[in-house]
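Number of protein chains: 2
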Amino acid sequence: MTNDEKMCKMSLAHEITSAIQDTIGRKSAVLHEPKFSGNESKYVQECLDSTFVSSVGKFVDNFEKDLADYTGAKHVVAVTNGTVALHMALLMAGVESEDEVLVPALTFVATANSVKHCGAVPHFVDSEESTLGINPDSLREYLRTATEQRSSYCVNRCTGKRIRAIVPVHIFGHPCRLEELLLVAKDFNLVIIEDAAESLGSFYQGQHTGTFGLLGTLSFNGNKTITTGGGGAILTDNSELAKRAKHLTTTAKIVHRWEYIHDEVGYNYRMPNINAALGCAQLEQLPEFLASKRRLFERYQEALRDIAGISLFTEPEGSQSNYWLQALLLDDSVANQRDSILEATNSAGLMTRPLWTLLHKLTPFQGCPHAPLPVAESLEKRIINLPSSAGLV
Amino acid sequence: MTNDEKMCKMSLAHEITSAIQDTIGRKSAVLHEPKFSGNESKYVQECLDSTFVSSVGKFVDNFEKDLADYTGAKHVVAVTNGTVALHMALLMAGVESEDEVLVPALTFVATANSVKHCGAVPHFVDSEESTLGINPDSLREYLRTATEQRSSYCVNRCTGKRIRAIVPVHIFGHPCRLEELLLVAKDFNLVIIEDAAESLGSFYQGQHTGTFGLLGTLSFNGNKTITTGGGGAILTDNSELAKRAKHLTTTAKIVHRWEYIHDEVGYNYRMPNINAALGCAQLEQLPEFLASKRRLFERYQEALRDIAGISLFTEPEGSQSNYWLQALLLDDSVANQRDSILEATNSAGLMTRPLWTLLHKLTPFQGCPHAPLPVAESLEKRIINLPSSAGLV
Chain L
851 MTNDEKMCKM
861 SLAHEITSAI
871 QDTIGRKSAV
881 LHEPKFSGNE
891 SKYVQECLDS
901 TFVSSVGKFV
911 DNFEKDLADY
921 TGAKHVVAVT
931 NGTVALHMAL
941 LMAGVESEDE
951 VLVPALTFVA
961 TANSVKHCGA
971 VPHFVDSEES
981 TLGINPDSLR
991 EYLRTATEQR
1001 SSYCVNRCTG
1011 KRIRAIVPVH
1021 IFGHPCRLEE
1031 LLLVAKDFNL
1041 VIIEDAAESL
1051 GSFYQGQHTG
1061 TFGLLGTLSF
1071 NGNKTITTGG
1081 GGAILTDNSE
1091 LAKRAKHLTT
1101 TAKIVHRWEY
1111 IHDEVGYNYR
1121 MPNINAALGC
1131 AQLEQLPEFL
1141 ASKRRLFERY
1151 QEALRDIAGI
1161 SLFTEPEGSQ
1171 SNYWLQALLL
1181 DDSVANQRDS
1191 ILEATNSAGL
1201 MTRPLWTLLH
1211 KLTPFQGCPH
1221 APLPVAESLE
1231 KRIINLPSSA
1241 GLV
Chain C
851 MTNDEKMCKM
861 SLAHEITSAI
871 QDTIGRKSAV
881 LHEPKFSGNE
891 SKYVQECLDS
901 TFVSSVGKFV
911 DNFEKDLADY
921 TGAKHVVAVT
931 NGTVALHMAL
941 LMAGVESEDE
951 VLVPALTFVA
961 TANSVKHCGA
971 VPHFVDSEES
981 TLGINPDSLR
991 EYLRTATEQR
1001 SSYCVNRCTG
1011 KRIRAIVPVH
1021 IFGHPCRLEE
1031 LLLVAKDFNL
1041 VIIEDAAESL
1051 GSFYQGQHTG
1061 TFGLLGTLSF
1071 NGNKTITTGG
1081 GGAILTDNSE
1091 LAKRAKHLTT
1101 TAKIVHRWEY
1111 IHDEVGYNYR
1121 MPNINAALGC
1131 AQLEQLPEFL
1141 ASKRRLFERY
1151 QEALRDIAGI
1161 SLFTEPEGSQ
1171 SNYWLQALLL
1181 DDSVANQRDS
1191 ILEATNSAGL
1201 MTRPLWTLLH
1211 KLTPFQGCPH
1221 APLPVAESLE
1231 KRIINLPSSA
1241 GLV
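Chains L and C are the protein sequences, given in the same order. Just so it is clear: in the first sequence, position 219 is 1069 by our numbering, and no numbers are missing. Just so it is clear: in the second sequence, position 269 is 1119 by our numbering, and no numbers are missing.
If you are wondering where the hints come from, they were derived from the structure by calculation, not from laboratory data. A quick note: this is a predicted structure, and the numbers were derived from the prediction, not measured. Hints are supplied without guarantee of correctness; some may be wrong.
Same chains, same label: a pair holds when it works inside one copy or across any pair of copies.
Straight line, CA to CA, 25 Å or less: simulated DSS-like cross-link-like pairs of lysine-lysine [said to hold, decoys possible]: (1) 1211 to 1103; (2) 1036 to 1103; (3) 966 to 1096; (4) 966 to 1011; (5) 908 to 966; (6) 1096 to 877; (7) 877 to 1103; (8) 924 to 1096; (9) 892 to 1103; (10) 966 to 1093; (11) 1211 to 1011; (12) 885 to 908; (13) 915 to 1093; (14) 1211 to 1096; (15) 908 to 1096; (16) 1231 to 1103.
With these hints in hand, go ahead and build the complete structure from the sequences.
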């Protein structure tokens, strides 16, 4: 590297660091932290007073109802986190051991882990720059060549295994092109399960993400737009699947006055009432959090506008994003400066992060099938997430 | 049934109902409810104030440390519940898909579910009346005939599958005969994983249950002696296993300043900090809860002493039990009155429960191997749990 190149790198990293600090009006910030400015203490205390802190109680019922009202999903089942929500949703959708499930290579590892937890195999597909989600056009083209229909099932020609489902992920809260993905799913006999872990408060053509597929899932981990400590939820309009999801996540116990009879291998995945109490208070403040996060996006955009070679990722057309994590997109010409920007910002106390390592490269998934991934490979080198908490502005 | 027999049944059920009501000084009671009379509100509020409510925070670290101090385990890993604690402990112990794991037929379904969650097969064995746990003598006899050693592994002669571990369960908090079980395990090349979900505060020969096997597990569900809403823990003296358990339960992410690299198929099973805050407060009161539960046992014993045909289950010799759930034992002569006693007590508002249906009879486990189960079959017909909360006396 010449001295000029070094100077240029330092300069871009420095410019970005300053722009972030100017925007948020402070020197340091974590990537995402929750904000408890509503009824959190009140509801949690009420929960303690009731002694119902565990798998039964009014807050977990209310949280499910409030989420159904907000998202428009007919049924909501609250569980301990987003990973198990997706694990259960995949089981509900009929994913069986040895099936393949199409997931983006560009997502947090939980998406692929939940497939593995079903005994199934993640089959990685490419993303697109306009939404950061699965590209329905290249997916269609790939399925046309890589699969065939056998007895109404989509089968991977190479492995001979059934491909059962597509899991679109709304990356950083930005909705995928769901309309086109639903058409691909229909044409290839695949089920859509939406991983909406990052997209509570995000809408596609006016409808909440997570409500387009047969099932959808949410996460309320500590780093999400609202938090329950640890938590997740399954969304579905299908009352039979909702009933089974609740049954399976509460040890599959048959209702009886006193007998203990369980009719399936069940799980202990019910969201505890005390976590739901926190969730009820957080959900009340969601509109306010969303407004703050959009304001933060606008301020970042303003501050970064004049820096050459970078842009701030903007919600796709026709969608309303929650802007969960703000994402800086580097042009190819400055992609080689990603690490120096990460170094400068983190050293300054600004927690920034690169994109997750593409999943097909991780040791536990190296043997899994994948489509060509040119766009994901390019995005991996060019994205940096910025401090994104609702409390920053 | 003759009128005399009907009268006799009503009379025993009525006697027991009155004796319970006299003991607890009230007409109705649930089976087990938590008591929040310490620092619960204070710690939970402190947790909210810190904003660290999720998978990282001082309470989850403190809770692990406090549990290690109390139980004497060298390492403790806090997780979301007892089922996943056991699932992870089995994985740590090397249980693989298709292995068999020896579990009592007489236990809560979670013990067998966690085996299934590893892709392994529960192999059910008999219990004994003196501890309600696995009978080490009949287990030894059974293994002598049903298994053989092949390349230092215990193999089921019938199925040809490797038997990897024994999971003793300390039923209702009463310690199994661990010394003898450890000898059986040694002689047959089996690993011991203790399911101590019910036995926090129970000691065998002065040492805490859950610390004898390679790993042990606890539960802090809402119905347990102390609760975190939902929660569990893995105990072990093996630092390598403890390290791996924490890694695997926190998505198997490699520590790095910013990169996301995961080296195994991980899980999202870390206990959230807000649940641990509750746990820290509860653990401070454990000695008081244990004293109350022992007092309740003594009062029940006094009140039930003169009723013919029944006895109250008493901690095994050499053990100190937490008396998690009080258990009424019916003599064979009145075993046919179990359901009328359940009917009378529950109708009166006293929540009583029979033993869990033996697991080998449940649909999801009907194809699983099992030893002869004469004692478990007998106990199933003769046990009734009584209201057992620490707050009752």
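So which of the earlier hints does this model not fit? The structure conflicts with hints 2, 5, 6, 7, 9, although it agrees with all the remaining ones.
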